[in-house]
Structure formats: C-alpha cells, structure tokens
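As a plain string of letters, each chain reads:
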Amino acid sequence: MRGAVYKIFKYTLFDLLRSRWLGSYAILVGLMTAGLLYLGDDPTQAAVSVLNLVILVVPLVSLVLGLMYHYANRDFALLVLTQPVPRGSVYWGQLLGLGLSLTGAYLSGVAVPFAAYGALGMGEVDWPTVGMLLFVGAMVTLVFSSLALFVGVSNDERVRALGIAIAVWFVLTFVYDSLLLAFIILAQAYPIDRWVIGISMLNPVDLARVLVLLHLDTAALMGYTGALFRKFLGTGLGTATAVLALVLWTVVPAVLAGRVFARKDF
Amino acid sequence: MWSSLSAAFPRGLLVALVLALAPAGAKTLTVCPSCPVRTLKEAFALAEDGDTVVVDGGHYAEGNLVLDKSIVLLGKNLPVLDGEGKYEILTVKADGVQIRGFEFRGSGVNFIKDQAAVKMVDAEHCVIENNRFVNNFFAIYLEKSRHCMIRNNRIVSNAENENYSGNGIHLWNSFDVDIVGNYVARHRDGIYLEFVRDSRIVNNVSEDHVRYGLHFMFSEDNLFRGNVFRRSGAGVAVMYSKRTRMEENRFEYNWGGASYGLLLKDINDSDIRRNVFFKNTVGIYADGSNRTSVYANDFVQNGYAMRIFANSMGMIFMYNNFLGNTFDVATNSTESYNSYLKNYWDKYEGYDLDKNGIGDVPYRPVSLFSLVVENYPQALVLLHSPLVQFMDRAERIFPVFSPKAIEDDQPFMFRILWSEWKNLPSDTER
Amino acid sequence: MVRVEELTKRYGALEALKGVTAEFPAGKVTAVVGPNASGKSTLMKSILGLVVPDGGRVYVLGEPALKNPRVRAKIGYMPQDPRFPENVTVREVIRWIEELRGRPKQDLDELLAYFGLGPHLEQPTRVLSGGTRQKLSAVLAFLFDPEVLILDEPTAGLDPLASSRFKDRVAAERDRGKTVILTSHVMSELEELADRLVFLLEGEVVFAGDLEELRAKTGEERLERAVASLMEAS
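Protein chains in written order, with our numbering: chain A, 1158 to 1423; chain B, 47 to 476; chain C, 190 to 423.
One thing to keep in mind: the hints can contain errors.
[Claimed, not checked] Computed Cβ-Cβ distance ranges for the label pairs, DEER-style: (1) A:V1409 to B:A440: 50 to 56 Å; (2) A:F1340 to B:A440: 17 to 23 Å; (3) A:S1265 to C:R315: 22 to 28 Å; (4) A:S1265 to C:E381: 29 to 35 Å; (5) C:R259 to A:R1175: 43 to 49 Å; (6) A:G1288 to B:D406: 38 to 44 Å; (7) A:W1352 to B:V155: 41 to 47 Å; (8) A:G1180 to B:Y397: 45 to 51 Å; (9) A:R1175 to C:M420: 44 to 50 Å; (10) A:D1313 to B:G403: 32 to 38 Å.
[What the hints assert, rightly or not] Among chain B residues calculated to face chain A with C-beta under 10 Å, some are: (11) K325; (12) M359; (13) L369; (14) T372; (15) A425; (16) V427; (17) L428; (18) H430; (19) S431; (20) P432; (21) Q435; (22) F436; (23) M437; (24) A440; (25) F444; (26) P445.
Treat the hints as calculated values from the structure; they're not laboratory data.
Note that beta-carbon positions come from the ideal geometry of N, C-alpha and C, so glycine has one too.
Between the sequences and the hints, there should be enough to build the whole structure, so can you do that?
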C-alpha cells in the first residue's frame, strides 16, 4: 500500500512538474516576491507584503489550481483505480503530489528571491521571519489543496465546485474576519480576549497571519493592548498551539476528502 | 596667604584660582599597595587643596570615603574602589574635584538614601572622566552641583527591576553639566535629571535599562544630541519639563509591551529634530505636550510612529519621514490642535499632477483601523488582515471616520532627504 | 469467470441496479446490452470497483471482489473514453502501469506493432487522437494477459482496420479461455463477437443467455431486431 502511495505520488508529481501552470505559479510568486523585495527598500516590509500574498493569493491559487488538477486528472484517477491499487493509495498519492508540488512552487517562489537578495549583498535577510513565512505559506498551501480536493471530490460539476471554492476562500479571508470584528465591537463590555484568540485559531488564514505577526515582533504591539494577547500569543505555547491548529487544518479536510473519495462512485 | 584669599574671595572664584595655580605650589601624593601611603583615606588626610593624588593600581575597599578637599584624583593601571555592595564609595563635598581612571564597583543598594559610586554634593567644576562603573546602585550622582563634566565613562550595572536598582548618571538640582560620550547600560534609568537646567547630554549610548535611557523631570533648557537610546522601557522620557532640545538622536529597539522611543508628558516649548526612531513600539508618545515642534525626523518600522493625545496642543509636525510603521499616527479623539504639514508618508497613495513634489490631495495619517484599535484593543488581532487593508483603503479613498483635524494637506511625494540639508527650512521659517 | 449476485445501487432517486444477478463465463464474450441509463455502466463499474454497490456480491474467478483491489490484477479494462495524464508520453504511461501491475505477460513490442502504436511512443498523450488513445488503452488492457477483459465501447474511434484487428484479438483471447465482458452500440459488432448476452432494462436483467437462446426466444435472426423485440416485450 505504501509503495502504491509513493508510485501515485511520483506520477502525479511528474505530471504536475511538466505542466505549464505549476511553473507559472512559481514564477508568479517569484516575480511578486522579487518585486516587493527589490522595489521596496526594506526586506522586513517585503516580508509583510509577502504575508499579504500568503493570505490572499496562496489560498485562492491553491484552491483553483487544486480543482483544475482534480478535474484534469479524473481520467487518470479512473485509469489508476482500475489497476490493482487500493483507493486510499490513489487518493493520498494524488493529494501529496498536488500539495507538495504547489508547496514547492510557493517555497521556491519566495525563497529564491530572498536568497538572491542576500547573496547579492543587497541587504540583510531576516531568515527567521522568512522561514516563518515559508512555513506558514506551505501550511496554507496544504490546507487549501486538501480543501480543493474535498470540494472537487464532493462535486462532479466543476463550475459548481469552483463557485464553492471561491465562496470558501471569500468566507475565510473576508467574512470570517468581519464577523470577528463585529464580535469584538459588540461584545466589548465583556472579557473577550480568550474568545478572540480562540476564534482566530479556528480559521487557517487567521492562524497563518497571527503566526507571522508574532514573528514580526508585533507581539509587543499586541501586548500594548491586552495582557492576555501578550501572555498567550507572545509565548512559545501560543506559537505551538497555533502551529498545531494549522497542522490540524491540513489534516482534517484531507481525511474528510479521503473518506468521500473512498465511497465515491466514478 | 591662602586663608586670607579664602576670606576675600567667594568660594567659586577661589577654586578657579586654585586650578589655575595648581602646578606651581601643588604636590602629588601616590597611593599604591606597596607605597608608604596605602589607603585613599590616608591620602585624603594628607592632601591639601590643589594637590593631585595618584592611585597606582590596587583594590581599595575603605567603606565610605568622604573627600572635602579640592584635589585631582588620578587612577593609574585602573585601581578599583570597592563599595562591597554596602557603602557609598566616594562622597565629594568640595569644588574642583577631578576623578579620572578609576573603576568603581559595588556601591550598596539602600532604600533610604541613594548610595552612589561617586556622589558630588554641592560641588562646582567637577570632572568625572574615563572611569569604569561596574554593578553600582547609583553610579554618578550630582546633588546641587554645577559646571561639571561627566565624560567618557563606562557605566554598566545589572539591574533587573525598578526597586532594586538605581540610575547610571543621576543629577538633582544641578545646572550647567555636560554629559558627553558615556556608555550607560542596565541601570534603572540610564541618565536621570531632576530640577536640572542648562545642561547638555551629547554623544552618549544608553541601553538596556529597566526604565528609561534618559529621564527628565522638572527640568528646563536642556539639550540632548547625538545619543543612542536602545532597548529600554522608553528611550527617553521627558516629563514636566520645558524648552528641551532633542536633536540627532537614535531611538531604537525600545520594543515591548509598553515601550516608547520618546515619551513626552506635560512638556512645553520643546524642539525635536533630525532624530531617527527605528523599531520602537511607539516612536513618540505625547501626552499633554504643547508648543513643541517635530521637524525632520525619520520614523521607521515602529508599531506606532506617534501616539499624540488630544491634550497635546500647538505641536507642529513637518518634514518627517514615515516609513514602514504599522500605524503612522494614533490619537484618542477626533479633535486635534496640532498641525501636520509637508511630511512624507509611505502609505500616501495620492497623486501629484503639477509635479511640484507635493501631493495634490491631503493625507490623513490616522487610519480607520488605528481608530478601531484605539477603541477596541482586541481588534489588533486582525492586523494585516485583508479585511483591514480593504477597510483602510476604502477609508483613504472616501474618508468618513478618520479625523479631518489630523490631515497633512501638503504631503511630500518622496522621502525627504533632510540629512542632506544644511539648514532645515524650518529654522528660517520659524 | 465473473459472477454478480443481487447487486443494488441507488443514485439519489434513481435506482440504477435493482438486484442484478448475472454470470459471465470464461471462454465466452458476454455482451451487456440495454438502452441508456439501463444500468450497463454501473454494472461494469461495480465489477471493477469504480462504483461501490449498496448491496450484493461480486466474484471474480471465485474471489469476492468488492473492496478487494487485488482482483483488479486479473482484470483488463478499456474505458469508453480513455484519457491519460496530459504531460506524459505514451511510453511513460505504459511504464507506470507496468510499475503498478508488475511484469507484463504479453509481448509489449508485439502489441505495439499489432495496434500500430509504435510511432506514438514518445508523444505526450495530450496530442493523441481519440483513436490512438483507444489503441493505447487496448495495449494496456491486453499487456498483462488478464483473465477478465472488460471492454466499454472499445471500438469507438478506431479506424476500420484497427477495429477489425482489435476484434480478432478479442476473439483470440476468448479462445484462450478469457472472460470477456463487452458493451457496444454497434449491433453488427456484437453479432460478430458475442457468444452470450445480458440485457438490462431499468436496472433489471430482462434476458441472460446465449445468442442462440435469444434468437429462439424472439424468433428474430438478426441481433438488432431480437434486441428490439426484447425491448418491446418488456
């Protein structure tokens, strides 16, 4: 079974590596990062801008490319599923192939310009922060690749799936934060710090953002406003909890999609 | 002869004369572990006004030494004066005393009196130069003193909280003091001035203090220039003071829950120019500060570049650069009686059709989100959220909430290279 | 031999299989026939494991086949419209399937030559015509010499020459004792190839038996007419 996962993963990766859009994605991320880095005069600011990329572009691209991949490869899945290979292997192999190739595209798109920036002596690169950006972006990519597969596997109609995916993206990036803000404003009279932290942990996009913010030393800024923020988010425990929550976010949709896949009729 | 002079002249003038005449009649006493004179106490007893006491090496723990003669104390081979964590090491009650080349170690913590390594009491024309101060409660303490010079000392303690620590350089009720080129670290306040006037704090580095790098209380007409204030609760706190000139300093990495680059509390008629504020939680925090000009400073990557409370009035902010700050200006009111003019704001997105380098539409530096955070602190968790960016951008295009009173109607299009200006235009405009 | 028992499958309101029991003996070509949405595809996909039936049993060579991926090692399958990963060459697709199934049991070069696929070996599959894809699908189905062949509209898109070569090959495999399950819209093709016929209508088996039986039952000599009369009767 494990061998089969690896084989399917390998084929998926092989196919994706040759596809135009994966390369285009890597180049797009690379150009954006390079632009932010070389046009601005400060790598820390560039890191904040890359964070915006991670929050807005990476989820959307991962969802859309994930869906495109899913529908383009349904026929391949069909071919493989008629071979003596367990369904689970086909699913996990494809998910890994998709998730890791998207992650690789993102990582190279961000890391290469920063590395070049450092190597060319254009300025100091704050590698711990860039490292956190890379980690968080990779996790967000994985979260949204598995969400994409979940939506794809659950919907045979691709236009409908695309609509659902965009709705998911919109809810997680805008609607969720709007509701959180409304909650903060309406419940101001109550001690809500704990709730605010809890609620932001439930959204992978917020999690990613908060993790990078903590690393960009904005923890101090948060501490300026609330002791609990500083105590919780400013500590290793806060970071560890956020990382764990993000990992859960990658695993849960993946497992759910896997269960749908196992029962799906092709 | 001396006694008749001393009767005829005021004391200050006498000291001046003594200094001028010293080489002629003065003698030099040497103290060292193997010399006939082995303690400073002995030397002080033997010395007369105008003499020089040379201390050559050695370690001297003599409790509290009191010097009431006008002598020059010269350390050779870095002799150590040790307070053993119990005593005030050296109390000077004479004018014209000079102290050079010593290491002062371990003045004792005392909750009743401020025990220092070197305390000047009612002294004039003192010089404290090229000494080292290690792990003292207070290091240099001037009480009712004037015309003094504190130069090139290295003052390092190990303060961890406010209660068990004293200040590096502490001036009380003094005037005309120069504090130049010192390195001060890890005290409660690096340099503390209370009821001090006409003094200058120049080219010092003051960092890692429990409280403030430099602290003014009830002081007037002082200048600090060319210093670096780093990693303290506040780089500099100016409180209840008037006419303070703050020029060409760097305030950096004052970064923590309640940290400030420059904290202003009830000050008047002051001048802040050509400073750099880099990576502070708050660059300038102004509470009840009036008629103060803020010209040609750089605010770079601070959490808040400035928090200006509405009780601050008549402040002018001009030719400053705001670069990469999370919030440029925050305030607690929609009212403002300050003026913002001709600054460069990196978040400005206006245009310059007539190409005169000045944006054609005003910039409102108080963002919608900073208003939200001011009222709902937990909302800070949404920092950099796409929602917040969208909100801020929309507000910038159609301002509704952001206070009209805080508006730069001539924002620069490009970073202001004030460091290349010989004279600030504001020097003549004023 | 393949056997299905009491297979049921429901898609929402639609009952695709209503307890289908049928046998596909070895050494025979069994055609599965029926109008659109009669349950043909569902039946074949249930045998392959592509569709998960709600109830019933499937045996391939006597071995229970539901949720048993290993039996697919004994099945060769040609889907109606075969597609392959776009950025991969024909040779690579074949190598991948070899990796998944193990050593080929028939001569690859001979098969490639037989279906005239040789010139396309190094092409990425996205440039292949429908017919060429069908040929690749055929090569993959025969390559491992499976005991069971499930062929869904296999000649659609094949040119007449390829089509006839394909049919010869199927007949030969049958004669070697293979179980062949076939669907086609071309009645003449069925007439040529099929020994037996399973007729499905609205998810139920209306007729299952040898072609001779069907002809005897309906009194029609030509298969097309015989099938038509079956439909009229039910």
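Verification of the supplied hints:
1. Roughly 34 Å separates the CB atoms of A:V1409 and B:A440, a value that falls outside the hinted 50 to 56 Å.
2. Between A:F1340 and B:A440, the C-beta spacing of about 21 Å keeps the proposed range 17 to 23 Å intact.
3. A:S1265 and C:R315 have their C-beta atoms about 25 Å apart, which keeps the hinted 22 to 28 Å range intact.
4. The hinted window of 29 to 35 Å between A:S1265 and C:E381 is violated, with their beta carbons roughly 56 Å apart.
5. Taking the beta carbon of each, C:R259 and A:R1175 are about 31 Å apart, not inside 43 to 49 Å as hinted.
6. Range check, A:G1288 to B:D406: about 42 Å between beta-carbon atoms, so the 38 to 44 Å window is met.
7. Evaluation of the 41 to 47 Å hint for A:W1352 and B:V155 yields a pass: the beta carbon distance comes to about 44 Å.
8. In this structure the hint that A:G1180 and B:Y397 lie 45 to 51 Å apart at CB is violated, the actual value being about 37 Å.
9. For the pair A:R1175 and C:M420, the beta carbons lie near 48 Å from each other, so the given range of 44 to 50 Å is met.
10. At roughly 60 Å, the beta carbons of A:D1313 and B:G403 sit outside the given window of 32 to 38 Å.
11. This hint holds: B:K325 has a C-beta 8 Å from the nearest C-beta of chain A, less than the 10 Å allowed.
12. Taking 10 Å as the C-beta contact cut-off toward chain A, the hint placing B:M359 at the interface is violated, the least distance being around 24 Å.
13. Checking B:L369 against chain A by beta carbon gives a least distance of about 8 Å; that is within 10 Å, so the hint holds.
14. Annotation: B:T372 was flagged as interfacial toward chain A, and the flag holds, the nearest CB pair being 6 Å apart, inside 10 Å.
15. The interface hint given for B:A425 holds, since its Cβ lies 5 Å from the closest Cβ of chain A, which is under the 10 Å cut-off.
16. Given hint, B:V427 at the interface with chain A, holds; its Cβ is 5 Å from that chain's nearest Cβ, closer than 10 Å.
17. Satisfaction of the interface hint for B:L428 is found here, the shortest Cβ-Cβ separation to chain A being roughly 6 Å, below the 10 Å cut-off.
18. With a cut of 10 Å, the hint placing B:H430 at the interface with chain A holds, because the nearest CB-to-CB distance is about 6 Å.
19. A distance limit of 10 Å between C-beta atoms decides the matter here; for B:S431 the minimum to chain A is near 5 Å, and the interface restraint holds.
20. The closest approach between the C-beta of B:P432 and any C-beta of chain A is roughly 5 Å, which is under the 10 Å cut-off, so the hint is satisfied.
21. Because the closest C-beta pair between B:Q435 and chain A is about 7 Å apart, less than 10 Å, the hint holds.
22. Restraint check, B:F436 versus chain A: the minimum CB separation of about 7 Å is within 10 Å; hint holds.
23. Below 10 Å, beta-carbon pairs count as interface contacts, and B:M437 has one with chain A at about 9 Å; its hint therefore holds.
24. A hinted interface residue such as B:A440 counts as satisfied when its beta carbon comes closer than 10 Å to some beta carbon of chain A; here the least separation is about 13 Å, so the hint is violated.
25. This hint is violated: B:F444 has a C-beta 18 Å from the nearest C-beta of chain A, more than the 10 Å allowed.
26. About 19 Å separates the beta-carbon of B:P445 from the nearest beta-carbon of chain A, more than 10 Å, and the hint is not met.
Consistency note: the structure conflicts with the earlier hints numbered 1, 4, 5, 8, 10, 12, 24, 25, 26.
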